[in-house]
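Visitor: Going down the list, the protein sequences come from chains P and B. Residue 1 is where the first sequence starts when you use full-length UniProt numbering, and the numbers rise one by one after that. Residue 1 is where the second sequence starts when you use full-length UniProt numbering, and the numbers rise one by one after that.
Mixed in with the good hints there might be a few duds.
[To be verified] The calculated lysine-lysine pairs, modelled on DSSO-like cross-linking and capped at a C-alpha distance of 27 Å, are:
#, chain 1, residue 1, chain 2, residue 2
1, P, K541, B, K274
2, B, K299, P, K541
3, P, K298, P, K284
4, B, K274, B, K299
5, B, K143, B, K127
6, P, K256, P, K100
[To be verified] Computed beta-carbon distance windows for the label pairs:
#, chain 1, residue 1, chain 2, residue 2, range
7, B, P260, P, P654, 46 to 56 Å
8, B, P168, P, G505, 30 to 40 Å
9, B, P260, P, T429, 50 to 60 Å
10, P, K673, B, F126, 28 to 38 Å
11, P, E656, B, D135, 52 to 62 Å
12, B, S196, P, T560, 16 to 26 Å
13, B, P183, P, T384, 38 to 48 Å
14, B, K92, P, T429, 31 to 41 Å
15, P, T560, B, D135, 39 to 49 Å
16, B, K127, P, K673, 46 to 56 Å
17, B, P260, P, G358, 41 to 51 Å
18, B, D135, P, Q537, 32 to 42 Å
19, B, P183, P, E656, 23 to 33 Å
20, P, Y406, B, F126, 32 to 42 Å
It is worth saying that the hints were derived from the structure and are not from the lab. Each residue gets a CB set at the ideal place from its N, CA and C atoms; glycine is no exception.
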Amino acid sequence: MSSDAVKKRKPKVIRNEEGTPETKRGRAEGEQDVLVYHEEVELEGRDPQQDYLLYKDTCAALAKLMAEIQELKSSGAKVGSVEMEERRRQCSVHFITLKKLNRLAHMRLKKGRDQTHEAKQRVDVLHLQLQNLLYEVMHLQKEINKCLEFKSQHEEIELVSEEEFFQEAPAEISRPHVTRDDHHQLTLARLDWELEQRKRLAEQYKMSLARKEKIHKAIEQKREYLSSLQPGLQNIMQASLPVQECLSMPFEQMQKQAEVARHLPPPLYVLLVQAAAYGQACDKTLSASISGDVDEAKALSRPPEDSQDDESDSDAEEEQQNTKRRRATVGVQLDDKRKEMLRRHPLSLCVDLKCKDGSVLHLFFYYLMNLNILTVKTKVSTTTDLSGAVSAGELLNSESLLNCLYASDHGQETPNPTNRYQFDKVGITTFADYVSDLGHPYVWVQKLGGLQFSSDGAQSELMGSALSASHMERTMKLLQGRLQARLALHKQFSSLEHSIIPVSGECQHLFPAKVVSGLTRWTMMSYQEFTELGFVQHVLKAGLLRETDLFFMAVVERGTARLLAAVVVNPRYPEVMPLFSLSLHWKGERSGRTEDNLRAMESEVNVFRAELQGPRPGFQLLTNQIQRLCVCLDVYLEMESQVCDGSEGPKEFPREKMCLRTARGPSRLKPFKYNHPQGFFSHR
Amino acid sequence: MFISLQLLHMSVFSQSFSPCGRFLAAGNNYGEIAVFSLSAALSPDASQASQKPILNFTAHDGPVFSLLSTDTHLLSAGNGEISAWSWAELIKKVRVSCSVNFINLILIVGGGDNNIHIMDMETGIFKSVLKGHTDYIHCLCFKEREEEILSGGEDGAVRIWDSRTNRPVHCIEVFKYEECARPQFGKWISCLATDSDWMLCGGGPSLSLWHLRSMSPTSVFPLPGCQREAVFYQDLIMSVGEGPHVSHCLHGGTVKAQIPCTPSSLNTLALNLKNTEHRVMTVGGSSHQIDVFTNFSYKAFSLSF
């Protein structure tokens with residue numbers, strides 16, 4: 001036991017180095033021994049300050065003794081002398097004092113520490129308790145808050161207001177005597193009431209549904225009945241068609257047309273209405289009809305926003321994909337954009353103009369949606385077969401048939417100025433490239449559709465239908481006139497090619513009975529060939545011919561003389577006179593530029609429209625001009641020999657024409673004017 | 001379109017300057033007379049508009065072949081009638097009606113009836129007739145010093161008449177002279193001009209210069225076409241005719257220069273000698289344009305109908 005106690009003590013000794021050996025021994029010997037010397041007890045009796053002073057004294061004494069010893073040693077006293085021994089003993093005593101003081105200091109320190117520790121522990125305990133309490137407080141507060149925030153479902157239910165509740169609810173639910181005071185009870189009661197009401201209403205709902213089903217069934221039945229009527233009605237309609245035709249009241253046709261017409265774009269609709277009106281009022285032979293795909297038109301009129309977005313998205317994806325695979329998709333995209341821009345409306349209008357001789361001019365009108373212009377294509381169908389006239393190939397060419405119906409309306413460029421900007425975006429330089437596909441955008445076509453563009457010369461106040469109506473009659477008359485003029489020319493050309501000049505009976509008085517010069521050739525020329533001729537340059541310079549005109553070459557011969565006539569026929573024939581330019585090959589070459597007489601012949605043929613045009617509508621103009629040319633050549637050749645005196649041999653062309661004077665004026669012109677019925681020639 | 005067609009086929013047949021020299025009157029084949037303002041056309045700030053006529057009116061049914069200016073009036077001759085227009089009114093651009101108001105003037109008219117008529121302009125009565133030509137008369141001119149009338153006609157003869165006695169003095173048949181004659185063209189005389197003792201005549205025969213005292217041709221001008229008008233100017237002879245040029249010739253018989261012009265053949269030539277400011281030469285022919293020469297060696301600009 002004691003050894004255990006010693007062992008126990010050992011750690012303590014380590015901790016407390018300067019531990020009192022006396023104390024420990026004392027404890028080890030016997031704990032029954034109460035009178036053990038506890039130095040700690042002594043500690044309480046002493047004053048630290050005094051101890052501190054003692055310490056200082058002791059140090060000082062020690063220092064003094066050391067100095068004395070030093071002195072003694074230095075003065076040569078031997079070691080172990082009495083003074084030295086004395087002093088040494090004293091030093092040891094002082095040392096012991098110091099050691100005690102040191103022990104005391106340590107013990108004081110330990111004591112102080114222990115006390116502090118104890119106090120700290122007490123404080124910690126209290127602190128912990130505080131924390132616990134605070135934590136609990138917080139917890140409780142949270143709980144309280146949660147409880148306060150709790151929303152019962154019952155609050156979401158819309159309850160009827162209190163007054164209503166008290167009024168409506170039966171007494172056993174509302175229990176006013178209880179609920180008026182107790183809010184909780186009131187709410188419960190209200191909830192009860194609500195539940196009951198809802199149950200009741202659910203019952204009603206079910207009943208209503210059942211009723212609705214019944215009614216639906218009834219409706220279905222009736223519908224079936226009606227649809228079974230439909231085929232019966234169709235049969236009746238079919239049967240009535242012949243009756244309609246018989247009575248010439250094509251109601252059904254008109255109705256159908258009106259139905260389709262609803263889907264026409266506005267300009268075409270205006271055109272249709274005006275054309276039909278004109279046809280009914282003025283020209284019974286005019287007919288207008290709609291052709292094309294109605295479904296597509298219907299699809300167009302519904303603008304599908306979503307599908308457009310989808311399309312653009314899928315396009316974008318496609319593009320991205322494509323750029324990885326192919327290189328030149330920019331061109332393809334541009335092409336697509338162009339096609340999109342030039343898209344036609346699926347519906348088109350067909351107007352037929354009939355002429356007296358039975359030939360028909362078919363006009364197909366199209367509407368270009370993005371460009372907002374109308375275009376027209378033509379077709380001519382004739383009762384007789386038109387063949388045999390090689391030179392007349394261009395006359396009824398659908399590309400150029402309606403050229404310049406009004407002056408300078410070539411129909412090669414779009415009349416809508418905004419199209420310029422649209423074309424720039426997709427890289428179209430000129431509309432003329434697409435004209436053969438899409439039709440000609442003549443200005444009169446736009447006017448007939450009620451489209452007025454600000455670049456037009458005459459700013460009229462009319463718009464839409466009024467504009468169309470004001471132009472309709474004149475345009476239709478011009479169209480008919482154009483067709484008839486071309487057909488007349490066609491016939492005339494076929495006989496001209498056979499070297500016969502067809503002069504009608506009414507125009508015979510313009511010419512003498514005997515005309516010796518004859519037409520030997522009539523051919524068509526292109527613009528290139530024409531402008532290369534030497535003797536037409538004056539016409540070019542005067543600006544009297546355009547690329548859109550028709551060019552011909554006539555050759556008139558008599559004997560050795562050969563007269564070449566280059567003819568310019570304006571598309572607006574016979575409103576505009578054909579222009580002749582002459583060149584004579586006889587004993588040399590002369591033309592209207594070098595010789596005054598030929599110039600006078602040109603003037604005779606070109607200028608006197610009123611005489612030459614014959615009876616209205618003036619389709620004889622060209623043939624009369626050619627006949628007059630032959631007459632003038634006769635006069636020229638016969639008079640020429642007259643002027644020349646002293647020529648050898650007989651005259652080639654004996655003079656047969658009667659005239660008063662062979663030459664007049666400083667330029668000595670020949671008498672080219674024929675006088676009827678006296679039959680002689682004079683000067684103008 | 002019709003107007004440009006008309007212009008294409010227009011010919012100018014006659015010209016005459018106003019008495020003050022500032023205006024030019026021209027007659028064309030449609031019977032119209034146009035009055036141009038020379039001062040406007042020659043001014044430094046002349047424009048396209050100043051080359052157009054200030055007045056254009058229809059004078060006759062047929063072409064206006066001859067224009068003549070007196071001190072106050074413009075006389076125009078068409079196909080059968082002679083009209084007189086007052087210059088004062090023409091200048092004011094007023095369309096005039098015929099008015100005849102002359103004092104002490106005599107008009108000599110050569111007509112298609114082969115005779116020359118002399119008319120007293122004050123009274124309007126034809127005083128006398130000179131007969132002698134066998135075919136119609138193309139041109140007349142007057143020698144002031146000896147008071148003689150020269151006439152040339154279709155029959156190829158140039159006759160000289162005494163205006164006081166109205167008797168023929170001489171007759172020259174030009175085509176009979178070998179130097180001048182050109183049988184391939186004919187024998188007609190279409191232009192006559194006289195300058196004291198000298199006479200120019202031409203037409204079918206070549207243009208030739210004659211000395212009147214000796215009645216013989218001194219020089220013959222080798223000009224290719226038929227000449228329609230010729231004048232003496234200082235020491236030059238200027239003539240126009242077939243061919244698009246004005247020929248300048250010397251008395252000796254050489255052709256000094258041929259100045260090109262717009263019309264393809266020329267009918268009339270006029271010199272404005274009355275006004276020193278606007279001393280120009282104008283020519284007209286088979287075109288609606290009248291060429292104006294300020295310096296006689298080249299064309300300055302053209303007036304247009």
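Visitor: Now tell me if each hint is right for this structure.
Guide: Each hint tested on the structure:
{"no.": "1", "hint": "P:K541 <-> B:K274", "verdict": "violated, 36 Å"}
{"no.": "2", "hint": "B:K299 <-> P:K541", "verdict": "holds, 20 Å"}
{"no.": "3", "hint": "P:K298 <-> P:K284", "verdict": "violated, 31 Å"}
{"no.": "4", "hint": "B:K274 <-> B:K299", "verdict": "holds, 20 Å"}
{"no.": "5", "hint": "B:K143 <-> B:K127", "verdict": "holds, 20 Å"}
{"no.": "6", "hint": "P:K256 <-> P:K100", "verdict": "violated, 137 Å"}
{"no.": "7", "hint": "B:P260 <-> P:P654: 46 to 56 Å", "verdict": "violated, 39 Å"}
{"no.": "8", "hint": "B:P168 <-> P:G505: 30 to 40 Å", "verdict": "violated, 56 Å"}
{"no.": "9", "hint": "B:P260 <-> P:T429: 50 to 60 Å", "verdict": "violated, 43 Å"}
{"no.": "10", "hint": "P:K673 <-> B:F126: 28 to 38 Å", "verdict": "holds, 30 Å"}
{"no.": "11", "hint": "P:E656 <-> B:D135: 52 to 62 Å", "verdict": "violated, 22 Å"}
{"no.": "12", "hint": "B:S196 <-> P:T560: 16 to 26 Å", "verdict": "violated, 50 Å"}
{"no.": "13", "hint": "B:P183 <-> P:T384: 38 to 48 Å", "verdict": "violated, 58 Å"}
{"no.": "14", "hint": "B:K92 <-> P:T429: 31 to 41 Å", "verdict": "violated, 56 Å"}
{"no.": "15", "hint": "P:T560 <-> B:D135: 39 to 49 Å", "verdict": "violated, 30 Å"}
{"no.": "16", "hint": "B:K127 <-> P:K673: 46 to 56 Å", "verdict": "violated, 35 Å"}
{"no.": "17", "hint": "B:P260 <-> P:G358: 41 to 51 Å", "verdict": "violated, 59 Å"}
{"no.": "18", "hint": "B:D135 <-> P:Q537: 32 to 42 Å", "verdict": "holds, 38 Å"}
{"no.": "19", "hint": "B:P183 <-> P:E656: 23 to 33 Å", "verdict": "holds, 24 Å"}
{"no.": "20", "hint": "P:Y406 <-> B:F126: 32 to 42 Å", "verdict": "violated, 57 Å"}
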